[in-house]
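Novice: Here is how the chains run, residue by residue.
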Amino acid sequence: MSSVPISAYLTLALILFCIGLYGALTKRNMVIVLISIELMLNSVNINLVAFSKFGMVPSITGQVFSLFTIAIAAAEAAVGLAILIALYRNRKTVNIDEMNTMKH
Amino acid sequence: MENAWIIPLFPLLSFLFLLLFGKRLKETSAYIGMLFTLLSFIYSLVVLFDRFSNPTYKAEATWLTIGDVQLTAGFEINQLNALMLVIVSLVSFLVHTYSKGYMHGDDRFHVFYAYLGLFTFAMLGLVISPNLLQTYIFWELVGAGSFLLIGFYFYKEEAKAAAKKAFIMTRIGDVGLLIGMILLFWQVGSFEYDEIFQAVEAGSVSAGMVTLTAILIFVGAVGKSGQFPLHTWLPDAMEGPTPVSALIHAATMVAAGVYLVAALFPLFTASETALMVVAIIGAVTAIFAASIGLVQKDIKRVLAYSTVSQLGYMMLALGSAGYVAGVFHLMTHAFFKALLFLAAGSVIHAVHTQNIEEMGGLWKKLRITGPLFLIGTLAISGVPLFSGFFSKDEILIAAWAHGNTVLFWLAVIAAFFTAFYMFRLFFMVFSGNARSEMKNVHESPSVMTFPMIVLGILAVVAGYVNTPWFGTFLGDWLVDGNEALGHGHIEGPAWIMIVATVVSLLGIFLAWMMYGKRSISRDWLSSRMPIVYGILYNKYYIDEFYQLSVVNATKFFSYLFHYIEKFLVEGIVKGITGVVQGLGRIGSKIQSGQIQGYGAMAFVGLALLLVIFAITGGYLK
Amino acid sequence: MNEAYFLSILVFSPLLGIIILALLPKNSETLIKFIGFLATVPTLVLSLIAFFQYRGGADLNRYDVKADWIHFGDFAEMGLFKIDYELGLNGLSLVLIVLTAIVSSLAAIASVHIKSEWKGYFMLFLLLEIGMLGVFAAENLILFFIFFEITMIPMFFLIGKWGYFEKEKAAYSYLIYNGLGSAVLLIVIVILFARAGTSNIEALAQLMAVENPNTPAPISESLKFGLLISLLIAFGVKLPIFPLHTWMLRVHVQAPPSIVMIHSGILLKIGAFGLIRFGMGIFPEQFQSLAGLLAVLGVINLLYGAFLAWIQKDFKMVLAYSSISHMGIVLIGLGAMNEAGIQGAIFQVVSHGLISALLFFLVGIFYERFHTSTISSLGGMAKGMPITAGFLLAGALASLGLPGMSGFVSEFMAFLGLFGEMPVLAAIGCIGIIMTAVYLLRAVLGMTYGKAHREFAGITDMKSVEYVPVLVLTALIVLIGVYPSVLSETLQATLETIMLGLGG
Amino acid sequence: MDLETLLSYDWGVMAPEFIILGVATILSIVDLFAPKHFNRRILGWIGLAGILAALASLFNLAGLEATSILYETFRLDSFAKAFKILLLIGSALVMLIAISYEPKEGMQEYKGEFYYLFLTGLLGAMMMSSSGDLITLFVGLELLTISSWILAGIRKKHLPSNESAMKYVVNGGISTAITLFGMSYVYGITGTTNLMEMGPTLAQLANSQYLYILALSFFMIFIGLSFKLATAPFHMWAPDVYQGAATPVTAFLSVVSKTAGFALLVRIIIVVYLSTPAGTSGLSAMTPLLVSLQDYIAFLAGATMIIGNVVALRQRNIKRLFAYSSIAHAGYLLVAVTALSAFMFDALWFYLGAYLFMNVGAFAVIQIMTGSSDREDIGEFAGLYKRSPILAVSMAVFILSLAGIPGTAGFIGKLNIFMGALITEPAHYVLAAVMIATTVVSYFYYFGILTQMFFRPAASMEKINIPIGLVIAIIISVAATILFGILPNIGFDFLHTNFNGFVDLLQ
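Protein chains in written order, with numbering that gives the first Met the number 0: chain A, 0 to 103; chain B, 0 to 620; chain C, 0 to 503; chain D, 0 to 506.
Hints in this document: simulated from the structure, not taken from any laboratory.
If you're wondering where the values come from, they're calculated on a predicted model, not measured in any experiment.
Using N, Cα and C, we set each Cβ at its ideal position, and we do this for glycine too.
Mixed in with the good hints there might be a few duds.
Stretch-level coverage of chain B by chain D, calculated; a stretch enters the list once three of its residues show a Cβ under 8 Å from a Cβ in chain D [claimed, not checked]:
| # | stretch |
| --- | --- |
| 1 | 128-138 |
| 2 | 575-582 |
Below, simulated DSSO-like cross-link-like pairs (lysine-lysine); rule was C-alpha separation at most 27 Å, straight line [as the list claims (entries may be wrong)]:
| # | chain 1 | residue 1 | chain 2 | residue 2 |
| --- | --- | --- | --- | --- |
| 3 | A | K102 | D | K155 |
| 4 | C | K32 | C | K462 |
| 5 | A | K102 | B | K588 |
Selected chain D positions facing chain A (Cβ under 7 Å, derived; list incomplete) [to be verified]:
| # | residue |
| --- | --- |
| 6 | E141 |
| 7 | E162 |
| 8 | A176 |
Take these sequences, add in the hints, and give me the full structure.
Specialist: Here it is as C-alpha cells:
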C-alpha cells in the first residue's frame with residue numbers, strides 16, 4: 000500500500016528525539032523541559048510503531064511496547080509535575096537554572 | 000705455646016671485669032689491670048723462649064662459612080709474633096703500673112683501666128693473628144681502643160676532636176687494607192698468610208695485582224703508623240693521657256703498621272714497586288716529621304713527631320728489604336720512646352704544663368726522671384752504645400745496600416734533625432735555671448719511676464741483641480727458616496756507622512750551642528727565615544689543606560644531595576599530588592549544579608563515543 | 000604441643016592479648032602495659048623453640064600448615080585459583096621471625112614511655128606484630144600480601160595518633176607511599192595468580208623455571224621481566240631505595256621511638272625479605288640481569304644516605320639517613336649475587352634490625368628526659384648520663400661496622416661479595432664505609448662528648464626496666480659479631496636453594 | 000488469553016514479587032485509612048517483615064531450575080535469584096535505616112508512603128533482574144525510577160530534597176528516553192521484544208548495516224543505563240541527589256538501584272550483544288559484538304573510577320563524598336563487566352554484596368552522625384572514637400572495606416575483579432593499573448574520615464543514642480563485612496552450589 004520507506008519514519012523519530020533532547024537541555028522553564036522529555040519518549044513510540052509495521056520482521060509487540068511507553072510517560076510527567084509543584088512551593092520559581100544550591 | 004691464645008684473653012678479662020665492677024673497685028682496679036697484664040707478659044715470655052726451641056705453631060677453627068669457603072680464626076706463633084707479644088705485653092704492663100700513679104685521683108680511674116685492658120687485648124690479638132681477616136678485625140679494635148683512650152677526657156673539646164680525627168684518619172687507611180685483602184682473597188681464595196705467600200711465590204697472582212694489593216695494604220699501615228700523608232691524627236692524639244701516648248703512640252698501635260708490613264713481607268718483596276713506595280713514603284715521613292719536630296713547643300708534640308719520623312725509618316728499612324732492621328728498630332724504639340713518653344708524663348705531672356718554653360732547670364728537681372729522659376734522648380739520637388744507635392745503623396745500611404742512595408741521605412739528614420730537636424727538648428726542659436713558679440716541683444712516686452727505670456735499662460741494652468760486633472742474634476733468629484725475609488744481617492760499608500755517629504753528635508752539639516750554652520740565639524731560625532719557620536711550625540699546613548679540600552668536597556656533596564632531595568625528589572612527589580588535586584578541582588568545577596549541564600554531559604559522552612565509533616569504523620576492524 | 004598448630008599459634012598468639020586488652024578498663028595503665036608486653040612473650044618463646052629445634056637438626060617442614068581457604072570460580076577440582084591458608088618456615092623466615100619476636104617484645108617494653116590511650120596503642124601494636132610474623136611465615140603470595148597490608152593499617156594509626164608534632168603528615172605519607180608500593184605489589188601478585196592459577200611460592204618458582212609451562216594464561220619472558228621490575232619498585236618503597244625513601248624520614252622522626260624500633264627494625268626488612276624470597280626465588284634469571292642495577296642502586300643508597308646523614312641537625316634524622324645508607328649495603332649484597340653477597344645482605348638485615356632498634360630505644364630514653372633529639376642541644380651527655388652515652392657510643396660503633404659487632408660481619412661479607420663481581424663499583428662504595436664513621440661519630444660524639452651544653456642535675460640515667468632491651472640487644476649484636484655462625488648455619492639451607500635457583 | 004492458560008502458569012515463581020506487592024498495597028491502604036496520630040513506624044516494621052518473607056520464599060525457590068512464565072516475559076533463572084537476594088537484603092537493611100529516620104521538620108504525615116515506596120521500588124528492581132522481555136524490563140526499570148524520584152523528594156518542605164528530586168527527574172527522564180530509543184532499535188532489528196527469542200535471530204545476523212545500528216543501540220542503552228549505575232558519563236546527578244535526598248533514600252539509591260541497574264545491564268548485554276557477531280566475515284564474525292566493543296566500556300570504566308575518586312578528594316560533605324565514592328565503586332564493577340572473564344558473575348555478585356553491606360552500614364553511621372540536624376560536614380565525625388568507640392570502630396571497618404583493605408569483604412571483591420581483568424588474553428593491564436591507582440587515591444579521603452574519627456578532638460562529648468533499627472543494621476553490616484572478608488567462600492560456595500555459574504542465563 001503506502002510506499003513510504005521505513006527510513007523516513009526513523010529519520011522523523013530521530014529528528015523529534017533530537018528536538019526533544021535540545022529542548023530538555025536548553026529550556027529554562029521546567030515545564031517545557033518536562034514536555035521536551037515527553038517529546039523524546041514519543042519519538043521512541045514512532046520508532047516502535049514504524050518497526051512493528053515496516054520492520055524487517057513486523058510484529059505486534061512493538062505497538063504493545065508503545066502503549067506501555069505512553070502510560071509510563073504519563074506517570075513520569077505526573078510525578079515530575081508533582082515534584083515541580085513541591086519545589087515551587089518552597090522556591091517560588093520554576094526556573095531551572097536557579098536550582099543549583101547543591102554543586103561541586 | 001699451644002695455649003698462647005690465652006695471652007690476649009687476660010686483658011680482655013680485665014676489661015670486662017672492670018666494666019662490670021670497676022665502679023665499686025675505684026682505684027684498686029689498677030691492681031686488677033696490672034695483674035692481668037703481668038700474667039700475659041709472663042706467659043708471652045714463656046712463649047718466646049718456647050719459640051726459640053720449637054718451630055712455628057699455628058692453630059685455627061672455622062669462624063664463618065660462606066658457601067664452600069671456610070673463614071677461620073686462630074693464632075700463630077712465629078718469631079715476629081712471639082717478639083711482638085713480649086714487647087706489647089711488657090710495655091702495656093709498665094704503662095698499667097705507671098698509670099696508677101699518673102691517673103691517681105681521676106674519678107673515671109677504673110674506666111681508664113678498662114680501656115687499657117681493651118686496647119691491650121686488641122693489640123695482642125692483632126699480633127697473633129694467622130690471617131688477614133683476623134688481623135683486620137683486631138686492627139679495627141685497636142683503632143677503637145685508641146679512640147676511647149684518646150678521647151678519655153671526653154669533656155675537653157680538643158680530646159673529642161682528636162679522638163674523632165684519630166678514628167677517621169686511621170679508618171681511611173683501614174679501608175685501603177680492607178680492599179687490599181678482599182682483592183687478595185678473590186685472587187688466592189683465602190685470607191691465610193701462608194696460603195697467600197704460597198700463591199704469590201707460585202706466581203698464581205698477576206704481578207700487577209700483587210703490587211696493587213701490596214700498596215693498598217700499605218695504605219692501611221700508613222694510616223695506623225701515622226705515615227705521611229695520613230699522619231695528622233698522631234700529634235693531635237696527644238690530647239689523651241700521657242701513659243696512653245706511651246702505650247699507643249710509642250710501642251704498640253703505631254707500630255702495628257710496621258708490624259703489618261713485616262708480617263706480609265713476602266708479599267711486598269714480590270713487587271719491587273711496592274717496596275719502592277714503602278721506602279719512599281718512609282723516608283719522606285722521616286725527614287718531614289723530623290723537620291716539624293724542630294720547632295714545636297709542646298713537649299708531647301715533639302715526641303709525637305719524633306715517633307712519626309722514627310716510624311718512617313722503620314718503613315724505610317722494610318722498603319729497603321731490611322726486614323730485620325725494621326723489626327729491630329721497632330723493638331728498640333718501643334722501649335726508648337715509651338721511656339721518653341713516660342718521662343715526659345712525669346715531667347708534666349710535676350710541672351702541670353706541656354709547653355717547654357715554660358720549663359727549664361728541672362734537672363736538679365727531677366733526680367730520676369732527668370737521667371732517664373737523657374738516656375732515652377741519647378738512645379733515639381743514635382749515640383753509640385745505646386740501643387737506637389744499632390738499629391738506626393742497621394736501617395741506614397739496609398737503605399744503602401738496597402741502592403736507595405737518595406733515601407739514604409734523607410735518612411741521614413733526618414738523623415741529624417732528630418738528634419737536634421731531641422736535645423733541644425732536653426736542654427729546654429732540664430738545663431738552665433728553674434722558673435720562679437716552679438718552686439714546689441717534686442719527683443713522681445716510685446710507682447711511676449719504676450717502669451721508667453725498667454724501660455731505661457732496656458733502652459740501653461736492647462740494642463745488644465743484634466750488633467755487628469757481638470753477633471746478630473736477633474736477626475738470624477727472625478729470618479731463620481724463611482729466606483723470603485732476607486738475611487739476618489746485611490753487610491754495609493763501615494763508614495756508614497761513622498757518618499751516623501758524626502751526624503747525631505753534630506745535632507747534639509748544635510742543640511747544646513743554641514739551648515744549652517745559648518751561644519746561638521734561640522730564635523735564630525724564626526728571625527732569619529720566618530717563612531720556613533712558619534711552615535714548619537704550622538706542620539706544612541697539612542691540616543688546613545685537608546680542611547680546604549676533603550672536608551669542603553664532602554660538604555659540597557652533602558648539600559648537593561640535600562638539594563636533590565629537597566627539590567627533585569620532593570618536587571616530583573608534590574607534582575604528582577598536585578596533578579591529582581588539580582583533576583579533582585576541575586572535576587568539581589564541572590559539577591556546576593546545573594541540571595541540564597549534567598544531561599548535556601551525558602549527551603556529549605554519548606556523542607563522543609558514537610563519533611569515535613564512527614571514525615574507527617566501528618566493529619569493522 | 001601439636002605441631003600442626005605450632006605456626007598458627009606462633010603467628011596469632013598476640014590476638015589473645017588483643018582480646019584481653021579489649022576487656023580491660025581503659026585507664027589501668029600499668030596493667031595494660033604489662034599485659035601488652037606479656038602478649039608478645041608466647042611468640043618469642045615459640046620462635047626460640049623453633050629456632051633451637053632447627054639448630055638441633057630438626058626439619059622445618061614439620062611446622063608447615065596447609066588448609067583450604069578461598070577458591071575463586073569453579074576450578075577447585077583442577078586445583079586452580081585456590082588460595083590456601085598455608086604457613087611455613089625456612090631458614091631465612093625463621094631468622095626473621097625470631098628477630099621480629101625479639102624486637103617486638105623489646106619494643107613493648109620500650110612502650111613504657113607511651114603517655115596516653117595505652118589500650119588502643121597496645122591492641123594496634125599486637126595487630127602489627129601479627130602482621131609482621133605472618134608476612135614472614137606466609138607460603139603464598141596472597142597470604143603474604145594480606146599480612147603485608149595488615150602491618151600497614153596499625154602503623155598508620157600508631158604514627159598518626161601517638162607520634163610527635165607532624166604525626167598526621169607522617170602517617171599520610173607513610174600510608175600513600177606504602178599504599179602505592181603495595182598496589183604495585185598487588186598487581187604483580189594478581190597477575191601471577193591469575194595467569195599461573197596458583198599463588199604458592201614454591202609452585203610459582205617451579206612454573207617459572209620451566210620454559211613455557213601450561214598455565215591458564217601465558218606468561219611471556221618480557222612479562223616476567225616487567226613483573227620483577229614492579230617487585231623491585233614495590234619493595235623498593237619499603238626498603239627504601241632512593242628516590243622512594245622520603246616517607247620513611249618522616250616516620251623515623253615523627254613516630255614514637257618504640258614504634259620506630261619496630262619500623263626500622265623489622266618493617267623495612269620486609270622489603271629485603273621480599274626481594275630475596277620472591278625476586279630471587281621466583282624470577283632467578285631475570286634477577287641476575289638486574290644484578291648490576293641493584294648494586295648501583297645499593298651504592299647510591301649507601302653514599303646518598305651517608306652524605307646526607309652527615310649534615311643533619313636532629314639525631315633521629317641522622318639515624319633515618321643511616322638506615323637508608325645501611326639498606327644500601329643490603330642491595331649491594333643482593334647485587335653481588337654470590338654466596339658472600341647474599342649472606343651479607345641477610346646478615347645486614349638482621350644486624351641493622353638489632354642495631355637500629357638499640358639506637359632508637361636509646362633515643363627514646365633521652366628524648367624522654369630532654370624532650371629533644373637535636374645534636375647541638377645534647378652536647379656532653381656523657382657527663383649526666385654516662386651509661387646511656389656509653390651504650391649510644393657502642394651502638395654507633397656497631398653501626399659503623401666495628402669488628403666484634405654484627406655490623407662488621409654483614410658489611411664485610413656484602414663488600415666481599417661485590418668485590419668478587421664488580422670491584423670498581425665496590426671500591427666506590429667503600430667511601431661509604433668511611434663516611435659512615437664520619438657521620439656517626441660526628442653525631443654521637445656531638446651529643447655525648449664535649450662541654451656539657453645543658454644542666455644535667457636531676458637527670459636520672461637509665462632506669463631498671465630500661466636496661467633490659469639495651470642489654471639484650473647489645474648482647475645479640477656482639478654475639479653475632481663474635482660468633483656469626485649462629486646465623487650463617489641457620490641460613491645455610493636456604494642460601495643453597497637460592498644459589499641453586501640462581502644457577503650456581 | 001483465557002482463564003486456564005492464565006491458571007496454567009506456575010505463579011509460584013513470582014511469589015517474592017507477589018509478597019512485596021501485597022505488603023506494599025496493604026501498607027498504602029493502612030496508611031490511607033489509619034488515623035493521623037497513628038504511629039506509622041509500625042508500617043516500616045511490617046514492610047521489613049514483608050521483605051524478609053519475600054527473601055524466605057526466594058530461598059524456597061532456590062533449588063528450582065530456570066522457569067519462565069507469561070510468554071517468557073518473566074524469567075526466574077539463577078541469575079535473577081542471585082541478584083534478587085542482594086536486592087532483598089539491601090532493601091531490608093535500608094528499611095531498618097528508614098524506620099529510624101527522623102528529619103528535623105518531621106515527616107509523620109507521609110511516613111507511610113516513605114515505607115511503601117521503598118517496596119514498590121524494590122518490586123521494580125526485582126522485575127528488572129528477572130525480566131525476559133524488553134517490555135517488562137522497561138516497566139520494572141520505570142517502576143524503580145519513578146518510586147525513587149518520589150523518595151528523593153519525600154521531604155516536601157526541605158529545599159535540597161526538592162531540588163535533588165527535580166534533578167533526578169530531569170536526568171532520569173532523559174536517560175529513560177535514551178535507553179528506550181536504543182531498545183527500539185534492538186526491537187526493530189530483531190522484530191521481537193523477547194530477549195530469549197532475540198538471541199537466535201541475532202546469531203545469524205549477517206547484514207553489516209544492521210550490525211552498525213545494533214552497535215548504536217548498544218551505546219544508547221549503555222549510556223541510558225549508566226544513569227542507573229551512576230557511571231560516567233551519566234554520573235553527575237548522583238552527588239546532588241545523594242546529598243539532597245534523605246539518608247535512607249541515598250542508601251537505597253546507592254545500593255538497591257545500583258544493583259538492579261547492573262543486573263539489567265548484564266542481562267541485556269550478555270543476551271543481546273554477546274550472541275551477536277561483531278562482523279559479517281572472517282575473524283570478526285567469530286568474535287561477539289560485545290567483545291569488539293570492550294574498549295569503549297573499558298574507557299568509560301576508567302573515566303568513572305578516575306572521576307569518582309579524584310573529585311571525592313575535594314568533598315567536605317559526607318554524603319556527597321559517599322556519592323563520589325559510590326561512583327568510583329560503580330567504576331570498579333564496570334571493570335568486571337569489561338573483562339567478561341570467567342569470574343565476571345562471581346566478581347559482580349560478590350562485590351555488589353560486599354558493597355551492599357559496607358555502604359549501607361556506612362550510611363547507617365552517617366545517619367546517626369548527621370542526626371536530625373542536617374549538618375553533614377566531615378567535621379561532624381571528629382572525635383567519634385572518644386564519644387563512642389564501638390561506633391567509630393564499626394565505621395572504620397566499613398571505611399577500610401570500602402578502601403579494599405585485606406581482612407574485609409571489599410578486598411576479596413576487588414581481588415576477584417582484578418583477577419578477572421588480568422586473566423583474559425590480552426589482559427587489561429591499563430585498566431587494572433587505573434583501578435589500583437585510583438584505589439590508592441581513594442585512601443586520601445577514606446582515611447581522612449578515619450583521621451577525623453580517631454585523631455581529632457571531639458567538638459561536643461554529648462552522648463550518642465542509637466535507635467534499635469540502626470543498631471541491628473550496623474551489627475549485621477559489620478558482621479557480614481568481616482565474615483566475607485575472612486571466609487569469602489561462604490559466599491562463593493553458596494553461589495556455585497545453588498546457581499552453578501549462571502549457565503541457564505542464555506537457555
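Novice: Return the status of the interface hint for D/A176: holds when the least beta-carbon distance to chain A is below 7 Å, violated otherwise.
Specialist: holds, 4 Å
Novice: If you take the shortest Cβ to Cβ gap from D/E162 to chain A, is it below 7 Å?
Specialist: This hint holds: D/E162 lies near chain A, its Cβ roughly 5 Å from the closest one there, short of 7 Å.
Novice: Would you say the stretch 575-582 of chain B counts as covered by chain D, given the rule of at least 3 residues with C-beta under 8 Å?
Specialist: holds (count 3)
Novice: CA of A/K102 to CA of B/K588, is that 27 Å or under?
Specialist: Holds, at about 9 Å.
Novice: Examine the stretch 128-138 of chain B for residues whose CB is less than 8 Å from any CB of chain D, and state whether their number is three or more.
Specialist: With 0 residues close enough to chain D, the hint is violated.
Novice: Decide if the proposed pair is consistent with the structure: A/K102 and D/K155, CA atoms, cutoff 27 Å inclusive.
Specialist: holds, 20 Å
Novice: Min Cβ distance, D/E141 to chain A: is it shorter than 7 Å?
Specialist: holds, 5 Å
Novice: C/K32 and C/K462 were given as a pair; does the straight-line alpha-carbon distance stay at or below 27 Å?
Specialist: holds, 17 Å
Consistency with the previously given hints fails for number 1 only.
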